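Enquirer: Construct all of the structure, not just a fragment, from the sequences and the given hints.
If you want the building blocks of each chain, they are given just below.
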Amino acid sequence: MQWADKQARDRNASSFLSLHEAGREAIVAQAEAMGTKTMPGMFFYQTLKDARQFYYEHAASWPGVGFPHAPQPLGFPDYAEAPD
Amino acid sequence: MAYALSRQKWRVLVLEAGPRFDPSKDFKLHSDAWEKQGFPHKAGSEGRHAFAALQELDPELNDLYSWNSVDGRLNRTPHRRPYKYNHVLGLGGSTLAFTGESHRMHPESMQMRSRYGVAADWPMTYDALEPYYCEAERLVGVAGPSDPGARWRSEPYPLPAHPLGYASRRIADGASALGIKWGPNARAALSQPYDGRPHCNYCSNCNRGCPRTDKGSVDVTFLRKAEASGHCTIRTGITVTRIEAGADDRVTGVHVVNSAGENEFIATPKLIVSCGAVETPRLLLASANQHAPNGLANESGQVGLNFMETLAWTTSALHPENLGSFRGLPSDSISWDFNAPDAIEGVVGGCRFTTGMSEAALNGPIAYAQRIVGGWGRSHRVAMREAFGRILSVGAIGESLPNRGSYIDLDPSEVDTNGIALARIHSQLDDADIKRLSFMRTTARAILEEAGCNKVVEEYGSYDFFSSTHVFGTCRMGTDPETSVVDSFGKSFRWQNLHIMDASIFPSSGGGESPSLTIEALGLRAAAHMAT
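Protein sequence lines, in the order shown, are assigned to chains A and B. Under the numbering used here, the first residue of the first sequence is numbered 1, with each subsequent residue one higher. Under the numbering used here, the first residue of the second sequence is numbered 1001, with each subsequent residue one higher.
Hints were generated in silico from the structure; no laboratory data involved. Quantities reported herein were computed from a predicted structural model and do not represent experimental measurements. Each hint should be verified, as a subset may be incorrect.
Calculated lysine to any residue pairs in the SDA-like style (CA-CA distance at most 20 Å, straight line) [as the list claims (entries may be wrong)]: (1) K37/A - D1071/B; (2) K1036/B - G64/A; (3) K1025/B - L74/A; (4) K1028/B - Y45/A; (5) K1036/B - F54/A; (6) K1084/B - G1301/B; (7) K1036/B - S61/A; (8) K1036/B - Q46/A; (9) K1036/B - L48/A; (10) K1036/B - H69/A; (11) K6/A - V28/A; (12) K1028/B - F1039/B; (13) K49/A - M34/A; (14) K1181/B - R1151/B; (15) K1036/B - A70/A; (16) K1009/B - H1529/B; (17) K1036/B - I1366/B; (18) K6/A - M34/A; (19) K37/A - R1076/B; (20) K1036/B - K1084/B; (21) K49/A - V1070/B; (22) K49/A - S1069/B; (23) K49/A - G1374/B; (24) K1084/B - N1068/B; (25) K1028/B - W62/A; (26) K1042/B - T1213/B; (27) K1435/B - W1010/B; (28) K1455/B - L1064/B; (29) K1270/B - Q1008/B; (30) K1036/B - M34/A; (31) K1025/B - A70/A; (32) K1270/B - W1010/B; (33) K49/A - G1405/B; (34) K1036/B - Y45/A.
Partial pick of chain A residues on the chain B-facing surface, computed with a CB cut under 10 Å [as the list claims (entries may be wrong)]: (35) R52; (36) Y55; (37) G64; (38) P83.
Cβ atoms here follow ideal geometry from the backbone N, Cα and C, with glycine treated the same way.
Expert: In structure tokens, the structure reads:
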């Protein structure tokens, strides 16, 4: 976060969290572009991996991708038909 | 064998190293965490084993490297890497996590030495095994097609085949366009209620454990009936550390560590070892004594040799239509066109192709996000919405033949918690394996292309990773005590009351057939012989 805050200050903001969404995304993209051999890049990729897992292990995220429900107890008895 | 012998009123004691699973409680496919947890291992259900260094990879074989859309190449080292020997310690063993394909061997695959000069012949014919295949299918409740193909049948499958899924029909269409016959697979998943168990509801997750018990794992079929006979006792959490053998060519019992951590000796008039092709040779080799200095039942020197693994390939691609491909019965359809030992041009040993989305674990949002879609933020969410449910996968498993570089021995340095040396897996792919893999990859890609897929997103195979579920051959059966470990009924040639019954006794692997039904048929046949 120190690195991210420094990038924010270079953009004349007080901290990373004080930036608007586009500004925060620009710094995140900067970390991504640095690759896994740098500390910001390593942090980015590990955090992204964790975030994907945490996000999609919650049922609240499933409607957003078209996954209807956990596999049981209902199963998918409509499996031979075109999806809704 | 516990089922067949207890039915004949033999007193049977089953010693299981792992725990007993309660399907309705332990297999949590109803929970939000279903995808993250994979197969829900319990304490004591994961064994340990070691790997010897695996072979160097050939950069020229770039096409056979495993990769996915998010991470790129998955093995960036110059060597083949061990991923996993997929083995479950628990009552029911690896059938708890198996897909449940119920295959009979191709008759010609049982005569690899006499017909093709490789591996070894089975000491019985398909015809001798056929009645026991039928019995096993009835006990499990196998649902299969009416067309027997190359495997003649004396009776139909007990249950009708499952209708193909919507996504699978796209793959069938793709195969058909190439002139490849594609049809229903024989499955240990109930297409109708049967024997007190409900029918499958197509949740697509056999490999994470079936909470409904419609999947015919050994715990809910053979062992359930064995316990109900009143003649079979099951003890779980019992690790056999050594088989005790005397001077009179008979074993006397087993040394175990029980669930309380105490040492016990359990005497038995007859011992059947069924630990699989990695752990069975380990136990025999670890049981060396003054009467058997090279390991028990190892008079031929063959214990641990002839190791055969799962030679596998899966290609996954995106289809432009939303297919809802996370639904359905895993491996519901199959092509046997290339399964005969001479079916692949230029190489001995066949293979088979199946639908493979579930086995590739591409049936949930986490897998899509981590392996296929990638990215982050709003664009990631849009891409996930566009991709989810559109993946088609074609999986293939091919013949694995014995070679000098593939065997199991005792690791010289690593031991388990009881001080017993771990099994060490040596695996080597030879040129024929690589040709088969190459054929599997090319054909899988062609099928998906004809199915209408427009982008390959992941490929995973045995070239750069050892990842095996089906393992064979390390205590091969035969007719000659000089070259095999047990006879056709699994009995040691020397040790008169020692039997082996698992896929370690297979003289050849078959052209991708899943082995569980054949193990069951061999066990029923051996038990019938033993009882007479």
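Enquirer: Would the pair K1028/B and Y45/A pass a check requiring their Cα atoms to be no farther apart than 20 Å?
Expert: violated, 29 Å
Enquirer: Taken at face value, is the distance from the CA of S1069/B to the CA of K49/A at most 20 Å?
Expert: holds, 14 Å
Enquirer: If you draw a straight line from the CA of K1036/B to the CA of Y45/A, is it 20 Å or shorter?
Expert: Holds, at about 19 Å.
Enquirer: Assess, step by step, whether the Cα of K49/A is no farther than 20 Å from the Cα of G1374/B, and give holds or violated.
Expert: holds, 9 Å
Enquirer: Within 20 Å, alpha carbon to alpha carbon, are K1025/B and L74/A?
Expert: holds, 16 Å
Enquirer: Hinted pair, alpha-carbon criterion (20 Å max): K1036/B, L48/A. Please report holds or violated.
Expert: holds, 16 Å
Enquirer: Are K1270/B and Q1008/B close enough, with their CA atoms no more than 20 Å apart?
Expert: Between K1270/B and Q1008/B the Cα gap is close to 15 Å, so the pair holds against 20 Å.
Enquirer: Check the hint pairing K49/A with M34/A against an upper bound of 20 Å on the C-alpha distance.
Expert: holds, 16 Å
Enquirer: Please verify whether K1042/B and T1213/B have alpha carbons no more than 20 Å apart.
Expert: holds, 18 Å
Enquirer: Would you check the hint for K49/A and V1070/B, treating anything up to 20 Å between C-alpha atoms as holding?
Expert: holds, 11 Å
Enquirer: Take the C-alpha atoms of K37/A and R1076/B, compute the straight-line distance between them, and say whether it is at most 20 Å.
Expert: Holds, at about 15 Å.
Enquirer: Can the restraint linking K49/A and G1405/B be considered satisfied, given a maximum Cα separation of 20 Å?
Expert: violated, 37 Å
Checked against the numbered hints above, the structure violates hints 4, 6, 27, 30, 33; every other hint is satisfied.
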